[in-house]
Each structure stands twice: as structure tokens, then as C-alpha cells.
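Could you build all of it, start to finish, from the sequences and the hints given here?
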Amino acid sequence: MTSITSDSKPDEEPSVGESLGDSFRQARREMWVMVAAWIVFFTWVTVACARSAYVIPEGGMSEIPTILGMPSWVVLGIGLPWVVANLFIAWFALGFMKDTPLPDNAEPEASTEA
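Just so you know, numbering that gives the first Met the number 0 puts 69 at position 70 of the sequence shown, and the rest follows in order with no gaps.
In short, the hints are calculated from the structure, not lab data. Idealized CB from N, CA, C, for every residue including glycine. Hints are supplied without guarantee of correctness; some may be wrong.
[Claimed, not checked] Restraint-style ranges between C-beta atoms, simulated for each label pair:
hint, residue 1, residue 2, range
1, Trp31, Ala89, 16 to 22 Å
2, Val82, Arg27, 24 to 30 Å
3, Ala35, Glu62, 27 to 33 Å
Printed below as a string of C-alpha cells:
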């Protein structure tokens, strides 16, 4: 049984454990960015809709402010965060995410022929 040590030299290929560690750290970093983005957009939608959807205008229900024919709270509380979240996801997927190379299998699989 071989042990994996962290005393590898710069010119050596990383061992399986070290390479998987890099991949795990990158995946964890990406996960925390997405969790933070989810919290931001959840808060935006919840607060914006709660503060503006139930406010009755002074002129009554016939005076509801609209944007593009929809109530303004729908556009600003649902539509706008949806568009911004999609732009963020596109940037995240195309610019921030990185593919970490995994090493080839060091040991070939044993054949099952007898």
C-alpha cells in the first residue's frame, strides 16, 4: 500500500489524492458562489414582491402602475431578477467555472477473464 504525501516536487505529476483535492476545492468554491447568488436573488424577489405587491395605490385599483402592460411589481420583483440571474448564470458558467484535469488511472483494471 502506498501512502500519499504532500511533499511532492514541482516537476512531478500530482498524485490522485492531490488532484482530486484540487477538483473538490474548485467544486466547493463554485457551490458557495451559487448558494450566495441564490440567497441574493431569493431575497430580492421576496422583499421586492412583499413590499410592493400588496400596496394599494391612492387612486384605487384602477391606478396600478404598469410597465409593458404588467404591474410594475411583477416586472421589478420577478422579471428583472430573472433576467439578471440568467445573465449571472451565463457569466458564471462561461467565465468563472473551471475544469480541473483529473489524472489517468494509474492502475489498469484487472481483466475478468479466467
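These are the hints, each one checked on the structure:
Range check, Trp31 to Ala89: about 19 Å between beta-carbon atoms, so the 16 to 22 Å window is met. Evaluation of the 24 to 30 Å hint for Val82 and Arg27 yields a pass: the beta carbon distance comes to about 28 Å. Roughly 38 Å separates the CB atoms of Ala35 and Glu62, a value that falls outside the hinted 27 to 33 Å.
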